[in-house]
Structures are given as C-alpha cells and as structure tokens.
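Same order as they appear, the protein sequences are chains A and B. All residue numbers for the first sequence refer to the UniProt record's numbering, where the first residue is 1 and numbers rise by one. All residue numbers for the second sequence refer to the UniProt record's numbering, where the first residue is 1 and numbers rise by one.
Among these hints, one or two may not hold up.
It does not matter which identical chain is used: a pair holds within one copy or between any two.
To be verified - Straight line, CA to CA, 27 Å or less: simulated DSS-like cross-link-like pairs of lysine-lysine:
no., residue 1, residue 2
1, Lys161, Lys205
2, Lys149, Lys235
3, Lys235, Lys161
4, Lys69, Lys221
5, Lys149, Lys80
6, Lys235, Lys205
Derived from the structure by calculation, the hints contain no laboratory data.
This is what each chain is made of:
2 protein chains.
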Amino acid sequence: MKAEIIPNISVDCVIFGFDNTTKSLNVLLIERYLKLKDSEIPAVNDYVLRGFHTLDNETIDETANRVLKELTGLDHLYKKQFKVFGDPNRLMNEKDIIWAQHEHFNQRTITIAYYILLPTDVIQIEVNQYKPKWFPVNQLPELGFDHRKIINEAYADLKEKVLYKPIVFELLADKFTIKDLQDAYEAILGVEIDNRNFRRKLITKKYIIALDEKQVGVSKKPSQLYMFSKDVYQKIYKESYLISI
Amino acid sequence: MKAEIIPNISVDCVIFGFDNTTKSLNVLLIERYLKLKDSEIPAVNDYVLRGFHTLDNETIDETANRVLKELTGLDHLYKKQFKVFGDPNRLMNEKDIIWAQHEHFNQRTITIAYYILLPTDVIQIEVNQYKPKWFPVNQLPELGFDHRKIINEAYADLKEKVLYKPIVFELLADKFTIKDLQDAYEAILGVEIDNRNFRRKLITKKYIIALDEKQVGVSKKPSQLYMFSKDVYQKIYKESYLISI
DNA sequence: CCAAAAGTGTTAAGTCTACACCCATGA
DNA sequence: TCATGGGTGTAGACTTAACACTTTTGG
C-alpha cells in the first residue's frame, strides 16, 4: 500500500545556517521558476522555502525530516516546530496562483512551519538537485507564497529562544571558540556584545568545556576550543525558577 | 455558499483557569459519554478538551475563537498556538475508535493545539450546554484521545513561558494583589517563593502599578491592589538582550 | 618584527538570597 | 482585643556593565 499525499497539509522548513566566515545568519532557499510557452519573461521567478506535503502514514516530524534529508542530506538536525500558517488566502497572490495551476495543487493548504539550525558549512549546497542558495536573513530576495512572513516569524522566535535556551550551539561546529559563540549571538540578535564580559560569563558556565585543543591553520594566535555539554546543562537546569519578566 | 468543514484539520483548546480561592491551576474539560443500546455500562465515559474542525473559509485562529466563544462566552482571551498533534495513530485506542464510529469521523485528523489563560471566575460554567468542568492540572480525570499528552505539553510550555513573558496577568483579574500574583506563580511552577523577595522584586517593576484602591470585603487588613500595564511593559522591553542560558 | 586577533582585570552599581517580626484591619 | 494575613529591612554573595591594554602566534 503506497503512502498517499495529504493534499491540504504541508510542512515548510526555514533552514537557518550560521556562516562563521561572513558572520552572517542565513536562510536556505530554493528557486521557483516558471516560463510559460507564449512569453519571453518568466511568469514566476522568485525564491521559496522547501516544503513537502505530509503523507498519510507519517508524522509531521517525519515530513520535516524528509524535507531536511533531501535538502541537506542530514538527519538529526535541531528543529523546532514553531507555528502553523493556515490563512485561507495565504497562497492568493498572482504568481502563487499561476504556480498552483501549473503544479496542480489548488485547494487550501495549511502548512506547519519548522525552523532548523545548523552551521552553513556542514552541508554542500552545490551538489543538491534543487540548487538551494543561502541568503542573509536581513537581505532576503523576492519570496513566493507567504514565505517572507514565515521566515520573519521563525526569526523572531529564534531571537527570543536564543536568550534563554542553549540553541546557539546548534549553529556552530562541535568545537568552537568563544569568539564564534559571540559572533553567533551578535548575528542573531543584531547587537554588539562586550567581549570581556561575554567571555567571562560564558567561560564560567560548567557546560561550556575547554578542550585540550587549539585552532589550527590560522595565521595569528590560535584560540582555545570549547564544546557544549548538553548533559551537564540538563543536570544544572533541571529546575531553576528565576522569574525574569 | 455555506462554509464547509475541513475534515482532517481541527483545533483543540487547553483552557487554563487560575482559581484564586483554591490557588489551583485548572483545566476546563467536557465529558465524553456514550452508551450503546446493547450495554449496561457506558462504552465511553471520560473527559476531553473541546475542539472544532476548521471551516474552509476561516483562519486557524478563528476556529480557536469559535471554540472559546462557545465554551466561555468570551472573545479576546489570551491564546497561544503551541503545537500540532498529527501522529497518524493519535486517535487509535479502543474508546476513541468507538467514539469516532459513532460521531462519523474516521480519517486521520491533525489538530492544532492552543492554550488559553483566564481567571476561573470570569466564566460561568454551570450555564453552558456542554457542562464543562474544571480539573486541577495535577489531578486530571481519565482523558480521551491524546488529550492528556496535549494538556501536559501545554502545561510544560506555560511553565516555561511564564518565567520570561508577562502572561501570569492573564490568569488574574485586572486588579490583583501581589499575593495573588505570587499564588499564581506558585501554582503554575509548583514551587514556594519567598514572599519578601517576591514583593520587592515585583513592586519595583514600572509596569506593575499600584492603584488607589484596596481590597474590600475581607475580614483582615485589606491589601493593596495593582494593575499590569502592557504599554509600559512593551516600552521597557523593546530591546533587552540579556543572555541567560 | 609585525599584523592580527586572543585574552585579560577592576570598580561601581545593581540584584539575589536568606531570614523573622511588626502592623493594620474587621469582626 | 484578637485573629488573620499584609507588609517590611538588612547583610552578604553574586552578577552586571563599562571600560583599554597586553600577549601570543604565524608568517
């Protein structure tokens, strides 16, 4: 029995990648391109998030995993289901309608949106059949459907969560420097952070563990590498009820 | 053109009410009862959350509003869409199957879950046709479908959010005492809070405003009433980036 | 020896924790 | 005048913010 597509339920993934070199928080997008035969200029030519319709025998998380596997080749990425976009008119601008006719989907679809965190360099986008491209979250191209809204809401959620959950680490390699951490926070929050205070604060944390290793291949003083211990973190933060409204 | 039900998409609402008298965080549930003609004992007799299927011309939020209007008579309650429950086998235990046959819904349904915050005493449950009942969140009755799971996840989300967002106030009347606030936090978090430190901390906040009013009708020293100013809160917290992981 | 980024210290202000008694009121 | 819960103060530990220079390294 082959699994059937559920036509009105989809999953869209906002893949955030932190680029350590440019210190930029990026979003992975694929092109949406359509040229009708009677026209010179393309009828649709913009970017969208990758998404799939859910199959009738899979969970929502599994749908998200399929999207991720296809686009990144990876399993087990950090992913957060953050909101449903279900406005009846969400796919109703001109290009979306042209596209929907061409792709033969028509009825109202609600989409369950996830965001995903990873360091950009763990995936090789060149070899992917969908030709995905990274765009800085603050310089997005023209976007199809309601995907600009989805990305903006994902980003807002990320900005909030990053302040009180240890999710920055998902944007970095397993071994990172304190500067990397700071760069990631600065890129996400769009603020400058005092380097001395930041180091002091973070190095004191028990779950940020100095390794017996330094950076290699840099033409300057190589910096100390650290790792994040989820286990230690969870032990410490089992119950800490600091009300900080 | 009459709006049609979307058969595979529903909205379920976890209505949390804080009862100031018993100092208990409660959940509003309705009974699910079914007696088949050939049997003495009811085939189904448990409690569930109230939910509706989404109509094809309404947003998800509007579906949630319909649920709330019906169950509480109120609009404009604080509501948070927190998670989608879409496991293909989520309605597959014995009673759920009997119930589904009886109610003529069968196919896989995904439900978009909200939680709602209000003070229990703003609604009169006795007059409602569905005979809803409050249950302390820590003493839930037997629950149908996957609603125990939904409630538990709603509660977990609430516990987390209450620490860094000003949502406790949604559980209290517009005018409240500092003790009320403390009781609400204690009920939600299941901890005891030092009264002196709590008062000091909260009274200092600019957005917690002392009124020219005291409690009336209490047979002891009447306490000072306060209100929460959302405006002041938002002005203060426009951008405060304290990383507290 | 130079360029580049890593790494470091101090002070003052503010916040958190722990702890126990007096006070104002209505009955 | 009493019972009840409202309301208060302090000291020590800790955390934060603001601020600029020295050190280490590879090339």
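Results of checking the hints against the structure:
no.	hint	result
1	Lys161 to Lys205	both (18 Å within a copy, 23 Å between copies)
2	Lys149 to Lys235	between (37 Å within a copy, 24 Å between copies)
3	Lys235 to Lys161	both (20 Å within a copy, 20 Å between copies)
4	Lys69 to Lys221	neither (38 Å within a copy, 64 Å between copies)
5	Lys149 to Lys80	both (17 Å within a copy, 18 Å between copies)
6	Lys235 to Lys205	within (12 Å within a copy, 31 Å between copies)
Comparing the model with each earlier hint shows a violation of hint 4 alone; every other hint is respected.
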